[in-house]
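Enquirer: Build out the structure end to end from the sequences listed, making use of the hints.
Protein chains: 2
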Amino acid sequence: MSQHRHPGAPGRAGAVPTLPDLPEATVARLPEYLRALHNLADAGHETVSSEGLSAAAGVNSAKLRKDLSHLGSYGTRGVGYDVTLLIEQIEYVLGLTQRRAVALVGVGNLGHALAGYDGFAGRGFRIAALLDADPSRVGEEINGLVVRHVDELPAVAVQESIAIGVIATPAAAAQRVADQLVAVGVTSILNFAPCVLSVPEGVDVRKVDLAIELQILSFHEHRKASLTALPGGLAATETQEAIGT
Amino acid sequence: MSQHRHPGAPGRAGAVPTLPDLPEATVARLPEYLRALHNLADAGHETVSSEGLSAAAGVNSAKLRKDLSHLGSYGTRGVGYDVTLLIEQIEYVLGLTQRRAVALVGVGNLGHALAGYDGFAGRGFRIAALLDADPSRVGEEINGLVVRHVDELPAVAVQESIAIGVIATPAAAAQRVADQLVAVGVTSILNFAPCVLSVPEGVDVRKVDLAIELQILSFHEHRKASLTALPGGLAATETQEAIGT
Chain Y
1 MSQHRHPGAP GRAGAVPTLP DLPEATVARL PEYLRALHNL ADAGHETVSS EGLSAAAGVN
61 SAKLRKDLSH LGSYGTRGVG YDVTLLIEQI EYVLGLTQRR AVALVGVGNL GHALAGYDGF
121 AGRGFRIAAL LDADPSRVGE EINGLVVRHV DELPAVAVQE SIAIGVIATP AAAAQRVADQ
181 LVAVGVTSIL NFAPCVLSVP EGVDVRKVDL AIELQILSFH EHRKASLTAL PGGLAATETQ
241 EAIGT
Chain U
1 MSQHRHPGAP GRAGAVPTLP DLPEATVARL PEYLRALHNL ADAGHETVSS EGLSAAAGVN
61 SAKLRKDLSH LGSYGTRGVG YDVTLLIEQI EYVLGLTQRR AVALVGVGNL GHALAGYDGF
121 AGRGFRIAAL LDADPSRVGE EINGLVVRHV DELPAVAVQE SIAIGVIATP AAAAQRVADQ
181 LVAVGVTSIL NFAPCVLSVP EGVDVRKVDL AIELQILSFH EHRKASLTAL PGGLAATETQ
241 EAIGT
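These protein sequence lines are chains Y and U, in that order.
Under the UniProt record's numbering, the first residue of the first sequence carries the number 1, and numbering increases by one thereafter.
Under the UniProt record's numbering, the first residue of the second sequence carries the number 1, and numbering increases by one thereafter.
By construction, these hints were calculated from the structure, which means they are not laboratory data.
Hints should not be assumed to be uniformly reliable.
No distinction is drawn between identical chains; accordingly, a pair holds when it is met within one copy or between any pair of copies.
Unchecked claim - Straight line, CA to CA, 30 angstroms or less: simulated DSS-like cross-link-like pairs of lysine-lysine:
| hint | residue 1 | residue 2 |
| --- | --- | --- |
| 1 | K224 | K63 |
| 2 | K207 | K66 |
| 3 | K63 | K207 |
Expert: Structure below.
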């Protein structure tokens, strides 16, 4: 029932640290809680109720309590969660107590923007290397880093202790880059290229596909339109026009 | 049991189009199937087995069959799915049979890259307007579009029939922009700002937070490291160093 499970908890001396195998949806929400908690801490709050935290994180409070119970955090009745302690716990579980080095491959339009994105540094990451296959881009300086040729990846990965690879190449080049990242021992990849990567067991890939996000919204637009349509009315017309035969 | 449920199916004449309320995870996978199907069509395939499609989309085949069954698509035993028909069905469900107009608010580093991203056009979307609150950016031309002041949003939304708003502003400005989008009738928002938006019922918000994707990968890195650690070995040391107290 302690809110403080991992770090220096009574009885943990000599124990193997056991990281819970959390549901993927819980893992995806922990960063939201973390950001909300940092905002609360910045505003001087020392404790927060589950309702307060759930509102700040945009998650319903029953879900939040369940998520945090996976970490062994139950808060204190009438007081809530200790903000600093919960930040420490979540940062521990997310492995953010060390700053991870990121290699970004592909500095085209999107990669260029990512290289200059200042939202990573404050949240546990350091863009440590920029690489590109295009010789005309090699040598370019972006945000204080010089673009290197992707063939230098093996050397760069060792020098910079790269933990995470970000792929921002065109789709046609992405699999080859993924293979190169895996070959140099990178086991976590964030893929912005609109394609499915094939990687060996033990390599985690997260994908961000901007068009897919829009397509999901499109579904909801379409569904909202169909719900407000009158029988035989506008939406039916739209269907016929849109699909034809 | 027909693969062809919505468009012009026998008996649908005069029926109200009923869009199934699909599980959110299914909605998120439909664009993956669609992309894989387009690739198959481009390569000249007329049919595809569920195994073939699931491999191309990077989704397991039982999940794929279940997802498609929500659309009333069961394929044909021994033949599989008709590629063209399934593309039509998914595009219909996702509302991609009309090209939706997107307004992008915030043309800083990331917004600039999004404005120039050519991955939207082929997938059902048209960036129809760029807006920014910074007067020094207004008038700038990006990819053939002139940046307009965000105060022009009401006029732009009507002129361009904006269906989806994309927010790429700093976190501090995002809620105000969301309010402005909602005020002009936009009910679908893609938010790149690292913050939670509060919107009325009936407005859908999808969020892309690049640092959160890295934090999720960090969890998996951390967990992989803890699984390979020996009892009392490196990982335990890491824990103590990392957390202290």
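Enquirer: Evaluate each hint against the coordinates.
Expert: How the hints compare with the structure:
Proximity of K224 and K63 under a CA criterion of 30 angstroms is satisfied in both settings, with 26 angstroms inside one chain copy and 26 angstroms between copies. Taking CA atoms no more than 30 angstroms apart as the test, K207 paired with K66 passes in both settings, with 26 angstroms inside one copy and 22 angstroms between copies. Taking the shortest alpha-carbon separations for K63 and K207, both the intra-copy value of 24 angstroms and the inter-copy value of 18 angstroms come in at or below 30 angstroms.
Of the numbered hints given earlier, the model fails none.
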